[in-house]
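Colleague: Line by line, the protein sequences are chains P and B. The first sequence runs 1 to 113 under the numbering used here. The second sequence runs 1 to 113 under the numbering used here.
No lab work stands behind these hints: they were computed from the structure. Among the hints, a few may not be true.
One copy or two, either will do: identical chains are not told apart, so a pair holds if it fits within one copy or between any two.
With a straight-line cut-off of 30 Å between C-alpha atoms, the simulated DSBU-like cross-links for lysine-lysine are [as the list claims (entries may be wrong)]:
(1) K77 to K27
(2) K41 to K105
(3) K105 to K89
Quantities reported herein were computed from a predicted structural model and do not represent experimental measurements.
Number of protein chains: 2
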Amino acid sequence: MNRFNKHIFVCENTRPEGHPRGCCADKESEKIREIFKKRLKEIGKSSTVRANAAGCLDACEHGVTVVIYPEQVWYGKVTKDDVEEIIQKHIVNNQPVKRLMIKDKNFNKDASK
Amino acid sequence: MNRFNKHIFVCENTRPEGHPRGCCADKESEKIREIFKKRLKEIGKSSTVRANAAGCLDACEHGVTVVIYPEQVWYGKVTKDDVEEIIQKHIVNNQPVKRLMIKDKNFNKDASK
Chain P
1 MNRFNKHIFV
11 CENTRPEGHP
21 RGCCADKESE
31 KIREIFKKRL
41 KEIGKSSTVR
51 ANAAGCLDAC
61 EHGVTVVIYP
71 EQVWYGKVTK
81 DDVEEIIQKH
91 IVNNQPVKRL
101 MIKDKNFNKD
111 ASK
Chain B
1 MNRFNKHIFV
11 CENTRPEGHP
21 RGCCADKESE
31 KIREIFKKRL
41 KEIGKSSTVR
51 ANAAGCLDAC
61 EHGVTVVIYP
71 EQVWYGKVTK
81 DDVEEIIQKH
91 IVNNQPVKRL
101 MIKDKNFNKD
111 ASK
C-alpha cells in the first residue's frame, strides 16, 4: 500500500443559500471531518488513515457525502452520529457500513435497493 | 467499478503567506484542476473521471500534489504543463507518469530513487 491504507474524503463544498442542490457544508460536514480526525488520532491510526476535506463530490443530493478509497465506497446522509460506526466497522474491521452506503448503483455498484 | 473509474484529487489548500510548509494553492493548483476538468470534458471522460478539489493532502513539500485513486498514485511538483501527460498516459492509457511520481516510498511504495 502507498501512503494511506484508507483515505476518507468528506465533501465540504459550500453553495449559496437557497441553491436547489444544497451543499454538504450546510449539513455539518466540517464538524463530521473533525470528528473523524479526532477519533483516528485517538485510536492511533492518524498516520495511515486520513480524513480529508474534499470539494464538491457531485453527490449533493446525498449529502453529507463521504467516499473512502481505495475501495471507493460511497456513503450518504452521513451525520456526526454515524462517524463512530464507520470508524469501527469500515476503518478498523474493513467492513463497509451497508446502511449508510448510497443506494444507487451508479455510486456503489453492489448497492442493494 | 463504482462511480468513477479514476478520481483525481488536486490539493487546493491555502496557508497564510510565509508559512514554512507553503501551500499548493500558491502554485496554481486551482488552475491545474481547471485544466484537468476542461480536458476530461473534451475527451469525453467527464462522467467517469473526476478532477476534484481536495483540502490539504499533507504532502505540502511536494506541491502541487495530486493523488489519483483507486490506484493511489501520488504526483508531486505538478504544473499546468504536466496535465496533458497525466491525462494521456495515466487516465487514457492507465500508465502512471513515472517522472512525476513522488520519489518517496512513503507515498509510492515502488518509487525508484
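Colleague: State for each hint whether it applies.
Modeller: Structure-based check of each hint:
1. Taking CA atoms no more than 30 Å apart as the test, K77 paired with K27 passes inside one copy only; the shortest distance there is 9 Å, against 34 Å between copies.
2. Taking identical chains as interchangeable, the C-alpha atoms of K41 and K105 lie at most 30 Å apart only when they sit on different chains, with a minimum of 23 Å there against 33 Å within one chain.
3. In the homo-oligomer, the alpha carbons of K105 and K89 lie at most 30 Å apart both inside one protomer (22 Å) and across protomers (28 Å), since each shortest distance falls under that limit.
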